[in-house]
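We have chain A already, so just place chain B with the ligand on it with the hints.
In order, the protein sequence lines correspond to chains A and B.
If you count by the numbering used here, then the first sequence holds residues 3 to 407, one letter each, in order.
If you count by the numbering used here, then the second sequence holds residues 285 to 774, one letter each, in order.
Calculated from the structure, these hints are not laboratory results.
Treat the hints loosely; a few may be bogus.
[As the list claims (entries may be wrong)] The calculated label-pair distances, taken between Cβ atoms and stated as ranges, are: (1) Met502(B) to Asn318(A): 24 to 34 angstroms; (2) Thr22(A) to Gly415(B): 58 to 68 angstroms; (3) Gly406(A) to Ala581(B): 56 to 66 angstroms; (4) Met502(B) to Asp338(A): 37 to 47 angstroms; (5) Asp266(A) to Gly415(B): 52 to 62 angstroms; (6) Ala530(B) to Gln296(A): 30 to 40 angstroms.
[Stated by the list, open to error] Below, a list of computed lysine to any residue pairs in the SDA-like style, where the Cα atoms sit at most 20 angstroms apart: (7) Lys74(A) to His368(A); (8) Lys445(B) to Glu209(A); (9) Lys445(B) to Arg147(A); (10) Lys74(A) to Ala278(A); (11) Lys445(B) to Arg232(A); (12) Lys445(B) to Arg119(A); (13) Lys409(B) to Ala233(A); (14) Lys676(B) to Asp624(B); (15) Lys445(B) to Gly223(A).
[As the list claims (entries may be wrong)] Just a sample of chain B residues kept apart from chain A, beta carbon distances all over 12 angstroms, derived: (16) Ala297; (17) Ala351; (18) Arg395; (19) Ala574; (20) Arg643; (21) Ala689.
On a predicted model such as this, the values are computed, not experimentally measured, just so you know.
Glycine included, C-beta positions come from ideal geometry on N, C-alpha and C.
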Amino acid sequence: MATSTLGGLRLACADVAEATASDTVDGVAARWVAWPRSTEEVSAVLRAAAGLGLRVVARGTGTRLAWGLPPKGLDLIVDLSRMDAVLAHTAGDLVVSVQAGVRMVDVQDALAAHRQRLALDGADTLGGTVGGTIATAASGPLRYRYGSVRDLLIGITVVLADGTIAHAGGTVVKNVAGYDLCKIYAGSLGTLGVITEAVWRLHPLPESRRWITATTPDPSGAAVAIAAVRASQHDPTALEIQRAAPGDAVTVGVAVEGVTGGIDARAQAVADLLGAAAGVAVAVAEHPPGWWGQPLPAPQATVTCEPTGLADLLTNGPGSLCGSAGAGVLACGLHDDDRLGTDLARLRDIAQRHGGNAVLRSAAPHRKAGLDVWGPVRALTLMRRLKDQFDPDHRLAPGRFVGGI
Amino acid sequence: MTYRGAKLAVLAAELSAVVGPDGVIADRQRLRTYECDGLAQYRVVPGLVVLPESAEQVVAVVRACAALGVAFVARGSGTGLSGGALPHAEGVLIVTSRMRRILEVDPANERAIVEPGVINLDVTKAAEPYGWYFAPDPSSQQVCSVGGNVAENSGGAHCLKYGFTTHHVLGVEVVTPEGELVWLGGTTRDVAGYDLLGAFIGSEGTLGIATKIVVRLMRTPESVRCLLAAFPGVDEAGAAVSAIIADGVTPAAIEMMDALAIEAAEAAVACGYPEGAGAVLIVELDGPAAEVEHTFAAVRQHCTAAGAFEIRVARDADERARFWKGRKSAFAAVGRISPDYIVQDGVIPRTVLPDVLRRITELSAGTGVRVANVFHAGDGNLHPLVLFDEAKPGEAQAAEQLSGAILDLCISYGGSITGEHGVGIDKACHMPRMFTTDDLDVMQRLRRAFDPAGICNPGKVFPTPRLCGEVPGKRKGVHPLQAAGLAEQF
Ligand SMILES: Cc1cc2nc3c(=O)[nH]c(=O)nc-3n(C[C@H](O)[C@H](O)[C@H](O)COP(=O)(O)OP(=O)(O)OC[C@H]3O[C@@H](n4cnc5c(N)ncnc54)[C@H](O)[C@@H]3O)c2cc1C
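Just chain A, same shape as in the assembly (with noise of 0.2 angstroms):
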């Protein structure tokens, strides 16, 4: 049986072997691997797989495999870092086209080049690869001011369960011929189909930046500075906190980018506001402080809230807190033991006063069972009825998403 899957995929896919020890998804070992090198590879491995009944997971580096919940079952891990090409950048549209194995940071690299940057960022989104971020849809500081996966991504090729390829959206910014199925695909941790290519919506690269960062015992005076520098006029590209545990000291930071003439000028502007709402010195820097954009350690989550419950958060949170309070997206790290399941409920609980949610993002799969890792969904018949449409066998990464999808 075992021989003769795989001598079915290898008519699908010239690179195809036996899974290895290290190929296993959320401790979830997988039989077979497949390193297709083209759209239309990925094509004939899914319609194979079909055939084989078997069950698919999509993987680049493999750094946020822990994302979710482990499959329900898995056979096929389909590789896409054969796929790592630059498509296509033309650097007066500010577009670039890219494979979905290429990572992050060779994105940036080329685009560099032509002083411009996707607006993603992250040390955590550039170790990855360009299909992992979007179906994780990873963010950093930048997302204050540019959004996230969703807001970036103007194309999309996918090949669904059945081997179909699909395209959506398109190779210019504004474009709204169709359905917007690039906003599916991002976050859906591979559950609807195989990313094998995308185009972003580029931004240049600033001429100057600066980071300005205040350290407050007192997290309400943290919140207050906060919301003074959203009610500003002073456009910053991020503003992010940063504790290191409960009644630690909270750091605000803040980044301002433009025109080299201006930056001063703005920047000062900035510390002055921060300074006089949290009532603490405060520091312009060339370069980012350490903390920034940096992941925290599983276990974590990533917890959400309106801009008006940052104070309760910061006062009552459990465990470490960073990420983009601006955008009310924080990552909240946890105690990997027995306090995870309290700890997690306290943090959802302080998020749902404001509007938010805490969803368990990585912990050890033995931490993750027996809670409730993505707390309340909504729209989630509408949602199995996606999938359904999309991956009726239910093949694809089965049991990672949101109700068991």
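This is chain B with the ligand only, laid out in the frame that chain A set:
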């Protein structure tokens, strides 16, 4: 009475009980008011019009339609330019004009919550006293509804920097085509699960009816600077645009008009643009004063270097409004130089702008059909106005052909058939030129997840045999909506 007619009579009685007798229109004369949207060449008198006042009433109306398998179409202010709100002769038109409450303006949380019929500009008016505004600013913003903006993912002159409606909506309360009330998104970002909010925005009323919308508010910028630059021709103006973008500047807006569009605007509103201009650019920058001051100087230099023979800088809000007046009135203004016109909405990569404009000029010269060009130059969204006189035999057809050729041109350069007006009924037949049969089938899968019965604004966005005749390209099996027995309704 036909079978369908009988269904509508039953519905009319049922719906009167839901929304009150004055909320149901069945009188043929009054129904005619709703026979078209902003694209008047398509007209269908709706079977019935309903004017609900609340989400609960919309739920009841949709459930009644679903129970009888009657198609329904949502309508906001009816300014759409692709026939998206075109009614069905045997269906119900659900109009949101009685759902115009602004439920909440919350500057501390940078949002407002509004009903779908609220007029776009009224959101900004409500937020302005606090120093905030709603960024999407379609030229129709004095009349179009936020529900319509959501359905069309509308843009505006300033979407170059600030994005489209999809970037400014956090959550939508939706009545699904089966009559369930659900929330997509919410009041925060990164809501768990699939981004159905993102899929709903821009779905042109085919996935349900928005009954409440949580919109993001933006802080009004500290400084706004605007200039009007006159060039000998569109090539020079295009070069200025490229130079500005290449310099890493992201203006709030860059708009271009060619000689014919200027002529029309002068005739209509006497905007007083520099004489002899073959093209004008309006460039607006906004943001912190310290930033804008420097980038504005750079923009001026780029315009001069590219060949601008006159640059006017707005000294105050009044002068800025005058610059914009010519541009904003451009669509209506061509009425002064031509009895009829077609507005196109194709998009091209900005870098091929000069090539495409040259090709449009050639097409125009070759056919004798005049084209006035007005466009969002910063993002390559063209609005060619194809001029004709209905009364002269053959002109309408020639204009149609030219306008189709322009869309083909956009596609051949890697662009799109629509940047902001939507596909609706008008461009449904062009969809197969941009997407494969598989692409369109996959989009239909999303539609089926929301609307398995195919009763929510059917016949829009996707090509149908009835609308387009033989659809080019191979179709796998029967069209899903046809299979569901709904094809006649198209
Ligand atoms: C002079 C003029 C200038 C314009 N300029 C611009 C511009 O600069 N940028 C731009 O993007 N557009 C522009 N438009 C097009 C149009 O104004 C926009 O598409 C607008 O968003 C439509 O809003 P409406 O309320 O009129 O919607 P309608 O025309 O009533 O409906 C449009 C679509 O939305 C659906 N719909 C309406 N309400 C709902 C709801 N509550 N739930 C679900 N679906 C709904 C309808 O079914 C239909 O498919 C312009 C139009 C005109 C006439």
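Status of the hints after comparison with the structure:
With their beta carbons about 30 angstroms apart, methionine 502(B) and asparagine 318(A) fall inside the hinted range of 24 to 34 angstroms. A hinted range of 58 to 68 angstroms holds for the C-beta pair threonine 22(A) and glycine 415(B), which are about 59 angstroms apart. At roughly 58 angstroms, the beta-carbon separation of glycine 406(A) and alanine 581(B) lies within the given 56 to 66 angstroms, and the hint holds. The hinted range of 37 to 47 angstroms is satisfied by methionine 502(B) and aspartate 338(A), whose Cβ atoms lie roughly 40 angstroms apart.
For aspartate 266(A) and glycine 415(B), the Cβ-Cβ distance of about 25 angstroms falls outside the hinted range of 52 to 62 angstroms, so the restraint is violated. Range check, alanine 530(B) to glutamine 296(A): about 34 angstroms between beta-carbon atoms, so the 30 to 40 angstroms window is met. This hinted pair checks out: lysine 74(A) and histidine 368(A) have alpha carbons roughly 14 angstroms apart, not beyond 20 angstroms. A C-alpha spacing of about 18 angstroms is found between lysine 445(B) and glutamate 209(A), which places the hinted pair at or below 20 angstroms, so the restraint holds.
For the hint pairing lysine 445(B) with arginine 147(A), the CA-to-CA distance comes to about 11 angstroms; that is within 20 angstroms, so the pair holds. A hinted pair counts as satisfied when its Cα atoms are at most 20 angstroms apart, and lysine 74(A) with alanine 278(A) does not qualify at roughly 53 angstroms. Taking the CA atoms of lysine 445(B) and arginine 232(A), the gap is near 18 angstroms; set against the 20 angstroms cutoff, the hint holds. Between the alpha carbons of lysine 445(B) and arginine 119(A) the distance comes to roughly 15 angstroms, so the proposed pair stays at or under 20 angstroms and holds.
A threshold of 20 angstroms between alpha carbons decides the hint, and for lysine 409(B) with alanine 233(A) the separation of about 18 angstroms falls inside it, so the pair holds. Between lysine 676(B) and aspartate 624(B), the direct Cα distance comes to roughly 11 angstroms. Compliance with the 20 angstroms bound is thereby established for this hinted pair. Under the criterion of a C-alpha separation no larger than 20 angstroms, the hint pairing lysine 445(B) with glycine 223(A) is inconsistent with the structure, at around 32 angstroms. Chain A leaves alanine 297(B) outside its interface by the beta-carbon criterion, the shortest separation being 31 angstroms against a cut-off of 12 angstroms.
The beta carbon of alanine 351(B) sits about 19 angstroms from the closest Cβ of chain A, which is more than 12 angstroms, so the claim that it is off the interface holds. Arginine 395(B), annotated as away from the interface, has a beta carbon of chain A within 12 angstroms; the closest lies near 8 angstroms. Look at alanine 574(B): its CB is around 3 angstroms from the nearest CB on chain A, not clear of 12 angstroms, so calling it non-interface is violated. With 12 angstroms as the threshold on Cβ separation, the claim that arginine 643(B) sits away from chain A holds: the shortest Cβ distance comes to roughly 17 angstroms.
Listed as outside the interface, alanine 689(B) is consistent with that label: its C-beta sits roughly 18 angstroms from the nearest C-beta of chain A, beyond the 12 angstroms cut-off.
Going down the numbered hints, you'll see the structure goes against 5, 10, 15, 18, 19, while the others check out.
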